[in-house]
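Asker: Single-letter residue listing:
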Amino acid sequence: MDCHRALAIVHYVALGGVARCGGTPSLLDGLKTAATSLPFGPGMRNYYDQADLARMIDGLVVSVSAAFPPDQPLNVVGIRTRGEVLAARVAAGLVARGHHLLGRGVLDVTLYRDDIAAIGPRRMVRPTELEIDLDDKPLLLVDDVLFTGRSVRAAMNLLIDFGRPAMIRLAILVDRGGRELPIQPDFAALILGNVPDEHRVNVRLAEVDGTDQIVVEPRTEVA
Amino acid sequence: MSESAAGIWTKKHLLTLEELSPDEIRVVLDTAASFKDVSLRSVKKYPALRGRVVVNTFFEDSTRTRTSFSLAASRLSADVIDFTEKGSSVSKGETLIDTARNIEAMGVDVIVIRHKAAGSAMLLARTVSCSVINAGDGAHEHPTQGLLDLYTMRQRFGKIAGLRVAIVGDIVNSRVARSNLWGLTKMGAEVILVGPPTLVPKSFEQLGARVVHNFDSVIGEVDVINMLRVQFERIQSSQFPSVREFTQMFGLTQERFKRCKPGVFVMHPGPMNRGIEISSEIADGEQSGILTQVTNGLAVRMAVLYLVTGAQ
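Chains as they are written, first to last, in the working numbering: chain A, 1 to 223; chain E, 1 to 312.
Looking at chain E on its own, in the form it has when it is part of the complex:
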């Protein structure tokens, strides 16, 4: 379907990083690089998607991703509609596919979807004829987050291949972890998944990652630490230790940070629980890329919107 070796993109949807080739990932990252200065221009818009319509359909809460997609679409001169589950006919019992078909019937070019069910974006892509961008489907994938994390690492280190990246926390429930894992391994980085056995099952080794249950055993050897959010909505489950125990064993504390490599780069997809998975001083410190990730998210989403709208 795709021939991206020459910097060409042919995919109509962005559903997962699993399905992208390293070349396609590179096309997104390189295109994103050309958007990174848009905020510095006197006119902060490109005319590329003039007359196109992008609909954000978020069936789950989101601050960063939704705002970022909205802004990215408007920076490309597209018209943006924000659809929320609350106050819509979804609360009257309309199904996802019916909702999407009705939105599409209004003449939409791109549907950006976040939904709690894994596979929802794929289901939608099979149903509608416009482009679909997955903005997070359950615990499956969050491809634009994966791409912006790759972009941020490449910006920091100049390359991705050869980096040793620890992803720490609730891996089993994390779509960010899965997208990062696919993206990083395709680009030649080494991924270490860190967390308690209940949240980081050994089966992840089949995807090419190292699975480690003792954070301290790898803390000194990693270039990047990507801290995942402690998902309080799952904290009651038997998978999860107590908050204090989690912080003690897997939190990025000041004490632990001192044992990191000198140039270690700290990332977090947000929203952060300060003092639980990451200490405030580190999150706001010089080695934190957390706000850079948000800034880069805009450029990456602009690139994705531009690329998928070609193939329709």
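Chain A on its own, in the form it takes in the complex:
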């Protein structure tokens, strides 16, 4: 129960100079309150390189590690596609910090999306891999960008169809604002305030994209 209460605190990751967007110094010490109202506008940083990304993921690992006892089971589950890669990197970091009871899984949330009733070409569904026991163990859900919150909602519904985790915590790389559901991250490496809808936050990871970077850029196509 102590563990549970400790986790109820929002763990934002101090980035040591990475999250300089908006030039607000208070972002650097990672206080959520300082981050939420930032506008995204001209002069804001829109590119983060491999070294920035490495620091961000390290930061996530440190905060997650501090929140979960290393000798207790923890399931680390990523949302396809880039959340899966991030989850793998976070899990590797946790193993290096002595967490030896990690369970691993991958979710494809396509069938749980709330826009699935919409008419349009169907995306191929890829397997959800959850060969772990979810019941009564804490679960860390990992994704790359948190925007509307709808994917996370879908992921939580999917998880609950597989079992009953003791708790679900959310770790994400970039919080770009724009939430449409009451969902907030427990661990976030980079907070960009509210990025305008006409921009995309593209997280690229070497395992799938050949390079590590975060780019905030205008949408090339209207979704």
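A hint or two may mislead.
To be verified - Straight-line C-alpha distance at most 27 Å; calculated BS3-like pairs for lysine-lysine:
1) K116(E) - K86(E)
2) K45(E) - K137(A)
3) K186(E) - K202(E)
4) K86(E) - K159(E)
5) K12(E) - K36(E)
6) K36(E) - K137(A)
7) K137(A) - K44(E)
8) K159(E) - K186(E)
9) K202(E) - K116(E)
By construction, these hints were calculated from the structure, which means they are not laboratory data. Treat the numbers as computed from the prediction; the structure is a model and nothing was measured.
Got chain A sorted already, so can you dock chain E onto it with the hints?
Answerer: Frame of chain A, contents of chain E only:
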């Protein structure tokens, strides 16, 4: 109409395997793979088709296909209605199109149809505005059976390209054979059609198959043997030899099985005539994929239902 290279499906109906591209076949098989574990979850349902209505309209008898489509639709949270010819207005003389239009008027999203007339599913697809899935139209095609056979072979061998597959029996009257032939040749397998000349005419060679009238001449070189059912409803016709003669020449007997490749995989779309086209020991043996085919049929039909309901 379709651009499936990126794992995208745009077809509204599934009528034949003839009209699918290899990429589209791959999309179905890969999507099916993501459904194969649904029975192992604590909640055995996906919410994907919540609020959608699927109607099974079977104008011919069926155990596997109908049950499989019903279960597939319910696993996707759709509402399922089973329509049978018996006890319906069809027995009062209503035409297929009128029946379908009336069913559609109730607000249906997918009609799954089996009918004795080849082309019936296509006719329906042109008439109604909902999705149509062909669950067998005469001797024309049975695309979900073809897909589940492909899926089962891919699961067993890890690939389809390069496999040598014998389809044995009454080819000329078999929709399963035609769907398998289209699917297998598109995916790069070699198809050998085996049976007496009356049931396996040479004209099938034009579809890219090898036609062989002597089972024993190819038995040692095939990776998969797909035994078709002896259709007793046609057994009186002059096309068909006697049952004993058929078993002797084209049945998968123990003696014949011994001359197969060591890893040969035996399939049958069901229902089986044990002791006629296939011996019981082989059907129930370790190299038989017959029940696996049924299990995979569920995942494949879930994939098809999910995919066609996007394009409406």
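Asker: Indicate, hint by hint, whether the structure satisfies it.
Answerer: Now for the hints, and whether the structure bears them out:
Proximity of K116(E) to K86(E) is assessed by CA-CA distance (about 14 Å); at most 27 Å being required, the pair is judged to hold. With a C-alpha separation of about 23 Å, the suggested pairing of K45(E) with K137(A) holds against the 27 Å cut-off. Taking the CA atoms of K186(E) and K202(E), the gap is near 20 Å; set against the 27 Å cutoff, the hint holds. Only pairs whose Cα atoms come within 27 Å are accepted, and K86(E) paired with K159(E) is rejected, the gap being roughly 42 Å.
For a cut-off of 27 Å, the pair hint linking K12(E) to K36(E) stands: about 23 Å separates their Cα positions. A C-alpha spacing of about 25 Å is found between K36(E) and K137(A), which places the hinted pair at or below 27 Å, so the restraint holds. Restraint check for K137(A) and K44(E): the C-alpha separation of about 21 Å stays at or below 27 Å, so the hint holds. For the proposed pair K159(E) and K186(E), the alpha carbon gap of about 13 Å is at most 27 Å, so the pair holds.
Distance hint between K202(E) and K116(E) is fulfilled; the C-alpha atoms sit about 25 Å from each other, no more than 27 Å.
The structure shown violates just one earlier hint, number 4.
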